[in-house]
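**Student:** Now that you have both chains on their own, put them together as the hints suggest.
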Amino acid sequence: MRKRSDLRAWLVSPSVLVALCIVVSLFAVLQFSFRAFVPGSLDVGGFTFANFTGLTKPIYLDAFANTLLLSVETTIFSLLAAYPLAYALVRVKNRALKSFILVVSITPLFLGEIVRTYSWISVLGSNGFINGLLRKLGLIEWPLELMFTHLGVLIALVHVTIPVVVLMLATAISHIDRDYEKAAQSLGAGPVRTFITVTLPLSMPGILAGITTAFAWTFSAFATPQMIGGGRVPTVSTLVYQLGFASMNFPLAASLSVMGLLLTAASLFALGLFTKRLKTVGGH
Amino acid sequence: MRIKNALPWPLRIAGPVLVALLLAFVLLPVVVVTIASFNEKAIISFPPESYSLTWFARVFSYPDFREGFRASLVVTGWSSFIALVIGTCLSIAVKRLEFWGKQTLLAILHSPLVVPHFTLGLGLLILVSQASINRSYDVVILCHVMLVLPFVLKSVYVSMENLDARFEQAAASLGASPLKVLFTITIPLLAPGLFGGWLFAAIMSFSEFTASLFVTTQATQTLPVAMYNYVREFADPTLAALSVVYIAVTATVLAFANYFLGLGKILNIEEGH
Chain L
1 MRKRSDLRAW
11 LVSPSVLVAL
21 CIVVSLFAVL
31 QFSFRAFVPG
41 SLDVGGFTFA
51 NFTGLTKPIY
61 LDAFANTLLL
71 SVETTIFSLL
81 AAYPLAYALV
91 RVKNRALKSF
101 ILVVSITPLF
111 LGEIVRTYSW
121 ISVLGSNGFI
131 NGLLRKLGLI
141 EWPLELMFTH
151 LGVLIALVHV
161 TIPVVVLMLA
171 TAISHIDRDY
181 EKAAQSLGAG
191 PVRTFITVTL
201 PLSMPGILAG
211 ITTAFAWTFS
221 AFATPQMIGG
231 GRVPTVSTLV
241 YQLGFASMNF
251 PLAASLSVMG
261 LLLTAASLFA
271 LGLFTKRLKT
281 VGGH
Chain E
1 MRIKNALPWP
11 LRIAGPVLVA
21 LLLAFVLLPV
31 VVVTIASFNE
41 KAIISFPPES
51 YSLTWFARVF
61 SYPDFREGFR
71 ASLVVTGWSS
81 FIALVIGTCL
91 SIAVKRLEFW
101 GKQTLLAILH
111 SPLVVPHFTL
121 GLGLLILVSQ
131 ASINRSYDVV
141 ILCHVMLVLP
151 FVLKSVYVSM
161 ENLDARFEQA
171 AASLGASPLK
181 VLFTITIPLL
191 APGLFGGWLF
201 AAIMSFSEFT
211 ASLFVTTQAT
221 QTLPVAMYNY
231 VREFADPTLA
241 ALSVVYIAVT
251 ATVLAFANYF
261 LGLGKILNIE
271 EGH
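Going down the list, the sequences are from chains L and E. So in my numbering, the last spot in the first sequence is 284, and the numbers never skip. So in my numbering, the last spot in the second sequence is 273, and the numbers never skip.
If you are wondering where the hints come from, they were derived from the structure by calculation, not from laboratory data. Built from N, CA and C at the ideal position, the CB exists for glycine as well. Any given hint might turn out to be false.
[Said to hold, decoys possible] Have a look at the derived ranges for each label pair, beta carbon to beta carbon:
| hint | chain 1 | residue 1 | chain 2 | residue 2 | range |
| --- | --- | --- | --- | --- | --- |
| 1 | E | K265 | L | G272 | 29 to 35 angstroms |
| 2 | L | L17 | E | S50 | 28 to 34 angstroms |
| 3 | E | L179 | L | L271 | 42 to 48 angstroms |
| 4 | E | F183 | L | Y180 | 41 to 47 angstroms |
| 5 | E | W9 | L | N94 | 34 to 40 angstroms |
| 6 | L | T56 | E | R232 | 49 to 55 angstroms |
| 7 | E | W9 | L | R95 | 25 to 31 angstroms |
| 8 | E | I13 | L | I196 | 16 to 22 angstroms |
Only chain E is shown next, with the shape it has when bound in the complex (with noise of 0.2 angstroms):
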C-alpha cells in the first residue's frame, strides 16, 4: 500500500481533473449544439432566449432528410452487408489459407484507411463518367463497400486470433467436410466479432460524407449529403435538431453494443488480468 501513496497529492488530485476537462471538452460541442437546438428563434445563438421543439418537427418534415434517410439505408445496409461477407472470407483466407499476393491484397484493402475520401471519391466519379455509368445506388455502394472495409478485417481478425483452432480440427477429424466446418463451428464461435465488425462498418457508412459527395447525385443524396446541402442554404437550428436525434441514436446504439457485448473487448482496449 505504501506504492499506492507515494503519488504526491497535487499530482492525485491534477490527474483526474485532467481527465475531467478533457471529457468536458470532448463533450462541449455536444451540450452546446443540443441547447441551440431548442431555440425558437430560425438562428444559433447562445444562449437561447425561449424554447421550442419547431425545428426537431422540421427535421422530420423535410422532404431532403427524408429521402437522404431513406437513401442512407439502402446504402448502409448494403454496403455493411457486403463488406461483412467479404471481409470474414478474407479474413479465414489470410488466416488459415497461404496464396499468392496476400500481403499486397491486404495493404490495398487497408489503404482507404490512410489514402483521402476525397481523393477516392474522385476517382470513382472520374471512373464512372469515362464509362458513361448512370450514378446509381450501385456505385455509391461499391464506394462505401472500399470505405469500411477495413474496420470489418479488424474486427474479424481480432476475433480470429481469439479462436481456438482446436475445434475446427476436432470437427474436420469427426468427417465435417471445410465448408461445414466454416458454418457450423468457425461462423457461429466467430459471432460476437463478426457483429462488432458489421455495427462499425455501417455506423462508419451510415456517417461517412466526402466520399459519398462526390458519387452521389441528387436521386442518391445520403443523410450526411442533404445535411451540408442544408446548412449551405439555411441556417436555422433544424441542423441542430437533427445533429441531436443522431447523437442520441448513436449514443444508444453504443452503449446497447457496450451492455451487451462490451465494447472494450471488441475495440480490444480490455487488460489481460
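Here chain L stands alone, though its shape is the one from the complex (with noise of 0.2 angstroms):
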C-alpha cells in the first residue's frame, strides 16, 4: 500500500500548492482592508477598522449599487438572450449551421474583455457606427451619449456575459431526454405548451448556472465599465483599481475588495434561497 499514497501524494500535492497561493493571496486582501494607511508609502500601519467605516462614504455606496444593478440587469438580459442561441445550437439538425451558430457564440468568450471592449467602442463611440448609421439616415443631428453611460456598460457587459451563458444553458438543454418532449406531444400539447412545461424545468439547472456565472462575472468584470465607463460609471472593480494604482491607498482598495466579496457571497446566497423555491416549483 506504500506505493498507493505514493502516487496520491504525487498527484494531489502540486494543486495544494495552488490552493495554498489562492488562500494565502486572498487573505492578504483580508489583512491588508484592517491596517492604516500611510500616505505617500506602501508600508501600512497598525489594525483598524477606518478602511471599512470610510466605505460609507457616498461615492463607493453609489459604486456597489451601480455594480449591484449593473450585475442583476445583465444576468436577466444576457438569459434572456442566450437561450434562443443554446437552443438553436443543440437542436438544430445541420451540421453546418450547427457549427456556424457555435463558432459565432463561443468565439467572443475566448476573444478577452479589452478585445471585446474595444470593439464597442466601436461601435458606440460618438463617430462609431450606431452615430454614423442614425446620422446618415438623417435621424439624428448630434451624436447620441453611447460612451461613458450606464446603457453602454451595460449593452458591452451583456455581450461579454452571453456566451459562457449559451455553454450552459447549451450544455443543460442537450442533456434533456427528448422523450420527456415526445411524450408530451403524443399526449396532446402543443410545441409552445411543451417548451413551457417540459422543455423550460428541465432545463433549469442550466439556468441556474447561467445566473450564478453571469452574476459574478458583471460583478468582477473591469475593463468594460472601465474602458466604456470612463470612470463616469464607477463600479467596485474600477473603484479598487483607481484606490490601488492612482491614490496607492492599498488598505482601502482592499477593503472595497472584501466588501466586494462579502457582497457577492450574500447575492449569490440570496440567489441560492431564491432558486430553491423555484427547483421545487420545476420539480413539482
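**Tutor:** What follows is the structure, given as C-alpha cells:
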C-alpha cells in the first residue's frame, strides 16, 4: 500500500500548493483591509477599522449600488438572449449551421475583455457605428451619448456575458431526454406548451448555473466599465483599481474588495434560496 | 409528421428570425471593428471615408505590442502547461482515490471562477510586495495557473467520466504498475480531453487582462495589458487592427479545434442520441 499513498502524494500535492497560493492571496487582501494607510508609502500601519467606516462615503455606496444593478440587469438580459441561441445550437440539425452558431456564439468568450470592449467602443463612440448610421439616415443631428453611460456599459456587459451563458444552457438542454417532449406532444400538448411545461423546467440546472456565472462575472468585470464607463460609471472593480494605482491606498482598495466579495457571496446565497423555491416549482 | 406542423406559422418564422438577430448582435462589434481598422484617418469613425492598411503595419512595428506578445507567449506557454499537468493529476486522484479534504481542495481551486480577478490580482500584488519578491514572470505565471486551472479540471474531469475503467483494470491485472497504467492507458485515452483542456487554458491565459494588470510590470506586461495602455495614450485605429488579427487567429484556432476534435464534445453540449 505504500506505493498507493506515494502516488496519491504525487498527484495531489501540486494542486494543494496552488490552493494554498489562492488562500494566502485572499488572506493578504483581508489582512490589508484592517491596516492603516500611510500616505505616500507602500508600508501599512497598525490594525484599524477606518477603511471600512470610510466605505460609507456616497461615492463607494454609489459604486456598490451601481455594480449590483449592472449585475442584475446583465444577468437578466444575457439569459434572455442566450436561451434562444443555446436552444438553436443544440437542436439545429444542419451540421454546417450548427458549427456556425457554435463558433459565432462561443468565439467572443475567448477574445478577452480588452478586444471585446474596444470593439464596442467602435460601435458606441460618438463617431461610431450607431451614431454614424443614425446620422446617415438623418435621424439625429447630434451624436447620442452611449459612451460613458450606464446603458453603454450594460450593452457591452451583456455581450461579454452571453457566450458563457450559452455554454451552460446548451449543456443543460443537450442533456434533456427528448422522450419527455415526445410524450407531452403525443398526449396532445402543442409545441409552445411542451416547451413551457417540459423543456424549460428540465433546463433549469443550466439556467441556474447561467445566472450564477453571469452575476459573478459581471460583478468582477473591470475592463468594460473602465473603458466604456470612462470613470463616469463607477463600479467596485474600477474603484479598487483607482485606489490601488492612482492613490496607492492599498488598504482601502483591499477593504473595498472584501466588501465586494461579501456582497457577491450574499447575493449568490440569496439567489440560492430563491432558486431553491424555483427548483421545487420546476420539479412540481 | 402532424406533430411538427402543429407549430403556428408566426412562431415558425419568429424563432429563426430571433436567433439570426441575436447572432447579428454577437457579431456586430466584430464586424464594425474590422471595418474601422481599415480607416485611413487616425480616428475611429464610421463609415471610413478612405481605406488603408497603415494600422496593420503599425500593429507589427509598435515595440510594446511586440514585447507584450513575447511576454504573453512566455506566460501562456508556462501557465497552460503547468495547469494541464497539475489539473490532470488532480482529476485522476479525485476520480480514483479517496483523500482527506477532497471537497475543500476542489472548492478552493474552483473559487477563481467566482472570486473577482481584481481581488486575486490585488492579493497577489500585496503578497509579493510584502515579501519583497520581484514581480518577475514567475508571479504572473503563478497568477495565471490559479485562474485557468478550473477550466483544465472541468475538461479533464468530463473526459475521465467517459473513460472505461476496465481498460485500466485489464492492464493492472496483466501486471502493469500503477504508474505504467497511468502513462500507457489512462493518459493516451484522455488525450483529446487533455488537449481540449490545455487549449482552453491557453486561450484564457492569453486573453486574461484584469489580474495581469495588477501583477505585471513594464518588463512583464502581457499583450492585453499593452493594449489597454495603448488605448489610454492613442485614439488611432491601431488597436482595431490588432483586434482584427486577434479575432481572426482565435476564430481559426477554434474552427480547427471544432473540425478535428468536435468542440461540442469538449464543451459537453452534444446531445446523447
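**Student:** Okay, W9/E versus N94/L on CB: inside 34 to 40 angstroms?
**Tutor:** For W9/E and N94/L the Cβ distance comes to about 21 angstroms; the hint is violated.
**Student:** Is 28 to 34 angstroms respected by the C-beta to C-beta distance linking L17/L and S50/E?
**Tutor:** 56 angstroms, violated
**Student:** Can you tell me whether the CB distance of T56/L to R232/E sits inside 49 to 55 angstroms?
**Tutor:** 31 angstroms, violated
**Student:** Given a hinted range of 41 to 47 angstroms, is it respected by the beta-carbon distance of F183/E and Y180/L?
**Tutor:** 43 angstroms, holds
**Student:** Taking the Cβ atom of W9/E and the Cβ atom of R95/L, is their distance within the range 25 to 31 angstroms?
**Tutor:** Taking Cβ atoms as reference, W9/E and R95/L lie about 26 angstroms apart, which means the hint holds.
**Student:** Honestly, do K265/E and G272/L meet the 29 to 35 angstroms range at C-beta?
**Tutor:** 31 angstroms, holds
**Student:** Within 16 to 22 angstroms: is that where the Cβ-Cβ distance between I13/E and I196/L falls?
**Tutor:** 19 angstroms, holds
**Student:** Evaluate the given range 42 to 48 angstroms for the C-beta pair formed by L179/E and L271/L.
**Tutor:** For L271/L against L179/E, whose Cβ atoms are near 44 angstroms apart, the range 42 to 48 angstroms holds.
Consistency with the previously given hints fails for numbers 2, 5, 6, ordered from lowest to highest.
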